[in-house]
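We have chain A; now place chain B onto it with these hints.
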Amino acid sequence: MDAFTFKRAASVDEAVATAKVGADAKFLAGGQTLLPVMKQRLAAPSDLISLSRIADLTGVTIDGGTISIGAMTRHADVAAHAGIKAALPALCVLAGGIADPHVRNRGTIGGSLANNDPAADYPAAVLGLGATVVTDRRRIAADAFFQGMFTTALAPGELITRIEFPVPDTAGYIKFPHPASRYALVGVMVSGSQGAVRVAVTGAGACVFRVPTMEQALARSFSADALTGIAISHDDLTSDRAGSAAYRAHLVTVLAKRAVTRALEPRS
Amino acid sequence: MTTLSVTVNNTARSAPCPPNTLLSTFLRETLRLTGTHVGCDTSQCGACTVIVDGRSIKSCTMLALEAEGAMITTIEGLAKADGTLHPVQEAFRAHHALQCGFCTPGMVMASVALLEKIPAPTDAQVRHGLEGNLCRCTGYQNIVDAVLAASKTVKGA
Numbered sequence: 029m030d031a032f033t034f035k036r037a038a039s040v041d042e043a044v045a046t047a048k049v050g051a052d053a054k055f056l057a058g059g060q061t062l063l064p065v066m067k068q069r070l071a072a073p074s075d076l077i078s079l080s081r082i083a084d085l086t087g088v089t090i091d092g093g094t095i096s097i098g099a100m101t102r103h104a105d106v107a108a109h110a111g112i113k114a115a116l117p118a119l120c121v122l123a124g125g126i127a128d129p130h131v132r133n134r135g136t137i138g139g140s141l142a143n144n145d146p147a148a149d150y151p152a153a154v155l156g157l158g159a160t161v162v163t164d165r166r167r168i169a170a171d172a173f174f175q176g177m178f179t180t181a182l183a184p185g186e187l188i189t190r191i192e193f194p195v196p197d198t199a200g201y202i203k204f205p206h207p208a209s210r211y212a213l214v215g216v217m218v219s220g221s222q223g224a225v226r227v228a229v230t231g232a233g234a235c236v237f238r239v240p241t242m243e244q245a246l247a248r249s250f251s252a253d254a255l256t257g258i259a260i261s262h263d264d265l266t267s268d269r270a271g272s273a274a275y276r277a278h279l280v281t282v283l284a285k286r287a288v289t290r291a292l293e294p295r296s
Numbered sequence: 140m141t142t143l144s145v146t147v148n149n150t151a152r153s154a155p156c157p158p159n160t161l162l163s164t165f166l167r168e169t170l171r172l173t174g175t176h177v178g179c180d181t182s183q184c185g186a187c188t189v190i191v192d193g194r195s196i197k198s199c200t201m202l203a204l205e206a207e208g209a210m211i212t213t214i215e216g217l218a219k220a221d222g223t224l225h226p227v228q229e230a231f232r233a234h235h236a237l238q239c240g241f242c243t244p245g246m247v248m249a250s251v252a253l254l255e256k257i258p259a260p261t262d263a264q265v266r267h268g269l270e271g272n273l274c275r276c277t278g279y280q281n282i283v284d285a286v287l288a289a290s291k292t293v294k295g296a
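For the protein sequence lines, the chains are A and B, in the order given.
For the first sequence, counting from 1, position 211 maps to 239 in my numbering; every step adds exactly one.
For the second sequence, counting from 1, position 59 maps to 198 in my numbering; every step adds exactly one.
If we strip away everything but chain A, and leave its shape as in the complex, we get (with noise of 0.2 Å):
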């Protein structure tokens, strides 16, 4: 890893003011992604912000139908408390599939969504449940949000501080993780309110996307069936050693026919 000035911020100002000092500032959350991409020498910045010690980025906050999860909060910290899993379940349900145990102990909510990896869970999570994603000067629409293939909204030095999700009458998430990197292969969000139904997929093409064929089936009849028999075109998905686009495409049916049937599932 090349040499760089660390420095640790003590707010969000502070955080953001510091950016626009550097050259090449990055801010550093979990880490988990930026430093393997320091490591091959993929980025080299020439500062390092670290968001650790700023208390108002961690934490969950539950107000009516909306829970508020601040950007340093850790994938390990969203998998288990007991408020998100109470209103949102399919939300912990993602995060405890991210990775592995240790990954999601250092792993960051605002920092999986400012990398916006094809294949992370967390996109999924805000397109499929239409959350707002908080920054330190505006609130973005998770529809605006993910522009491409590791591209976001944010301008350089924008830190995302909290994302916030409105809470739908039911939501489920359903990954087939690649064997060995626990990334989704695909992963299928859907989540329904009031006949507003979102489908979200991961892991399938260059950048999270909505299914609106789906999402219309699904508006008229909430269930398994009413998938029945829309495929989406392969003509944009990713083809890898790991699964064709043809795959890919064959698994968005079959996973949201499944994340549907878990979404109706009783809670226990």
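The set of hints was computed from the structure by calculation and includes no laboratory data.
Given the structure is predicted, the values throughout are model-derived calculations rather than measurements.
Some clues are possibly wrong.
[Stated by the list, open to error] Covered stretches of chain A (in silico footprint by chain B; criterion: 3 or more residues with CB under 8 Å from a CB of chain B, positions within the stretch not fixed):
#1 30-44
#2 50-64
#3 71-82
#4 129-143
Even glycine gets a Cβ: it sits at the ideal position worked out from N, Cα and C.
Below, chain B alone, put in the same frame as chain A:
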């Protein structure tokens, strides 16, 4: 140069630490605690697993400076001063849960963290809990057996 101060295996340690030092490097090369192994250096194999403030983490994927002020437990901190093995170590020995032994420090630390969280795990919970640790010798069966056996004795540790 920045100085890093941490508590490792109940001993306060301070040493100079360049920012681009990984925690695994600090433990092995600065503190000479070479029980923590570096296998893949890409956060896949888990050989470098240590416990920081009660949580298992991959020390090859954490900057040493991020551990400032932390309580760290490494494999060297498990056995008692008289050499009595920690129950998880003893179970690994009794159940032949290692062959070459390279992954063992990480496996043991991951197992200790797992049993802290789930004191009486099922076979499936042990396998899920060790997903971040690779072993290329054993086929895992004896490791799972060892962790299940340790879960019955670990409380007295």
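If you test the structure against every hint from before, which numbers come out violated? none
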